[in-house]
Amino acid sequence: MSIVATELDPAGAEPRAILDAADFRDVRVLEAGAGDGRLTFRYAREAKWVVGIDSKEPEIRSAAGNCSSELRGHVRFLCASATALPFPGETFDIVLLANSL
Amino acid sequence: MVDALREAHRVLLPGGAVVDVRPLTARIVVELVTPERAYWAAEGDAYGAAEDDASADAAAGHALSSGWFVSARNDRFDFEVYCDTAADLKTYAEMGRRMRDSKIPYDDLEKRRCELSASTGHAARLRCHRPKMLSVYRKPGP
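One line per chain: the protein sequences are A and B, in this order. Under the working numbering, the letters of the first sequence match residues 1 to 101, in that order. Under the working numbering, the letters of the second sequence match residues 102 to 243, in that order.
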């Protein structure tokens, strides 16, 4: 019996493709378009730390609320725009544009 | 979109990478699935954001031609969405512009899903295949 009406990418094709595309081990990641963190939580444990941003505040609040205690130490969510990033230059090893370009 | 790539270039360390993941403007396939097998059920359009996709492609082209990045990789993969009923699939499709006018025959799908469930004794579900593209752009560096 299924417990949810809609399941997105249960086989994990998206995080697998992302982790296969670049070396996420011990790197600093910025994810633009993090939304509710659905994707973030599936790759974040590989990275040194991750900042997820989204311009939709309710989504980001939901992401922060859904973040497990295991990930909370190195994942942070911020409400911000991808076109005016609140970070100094040369801060990240990877910028992930998740359905946001 | 160009502004987002300009900002990505600014905050990236030399040698760093942009990983761009987005759905493709493409046909989507819907299957009926039981624990034993999958059956082709319908096709639909996911063309509702074609103009955005063209703008994103143009922005990436601008970033590459400006020397901000070099193209390192392009991969296509299949993003699957499972729905318990056709109504759930319709709700999912209407959440964004891309699949809103997909012309998926929801009523017919639900009828066939119920028939398959009755004939197999398993609750058949719907599986929607959405093709996605992953591109990697690397910032020139050491």
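Fair warning: there could be bad hints in the mix.
Claimed, not checked - Below, simulated EDC-like cross-link-like pairs (lysine to aspartate or glutamate); rule was C-alpha separation at most 16 Å, straight line: (1) Lys233(B) - Glu70(A); (2) Lys204(B) - Glu70(A); (3) Lys191(B) - Asp208(B); (4) Lys204(B) - Asp146(B); (5) Lys233(B) - Glu181(B); (6) Lys191(B) - Asp179(B); (7) Lys56(A) - Glu70(A); (8) Lys191(B) - Glu108(B); (9) Lys191(B) - Glu70(A).
Because the hints were derived from the structure by calculation, they are not lab data.
- Message: To test your reading of the hints: which numbers does this structure violate?
- Response: Structure breaks hints 1, 2, 6, 7, 8, 9.
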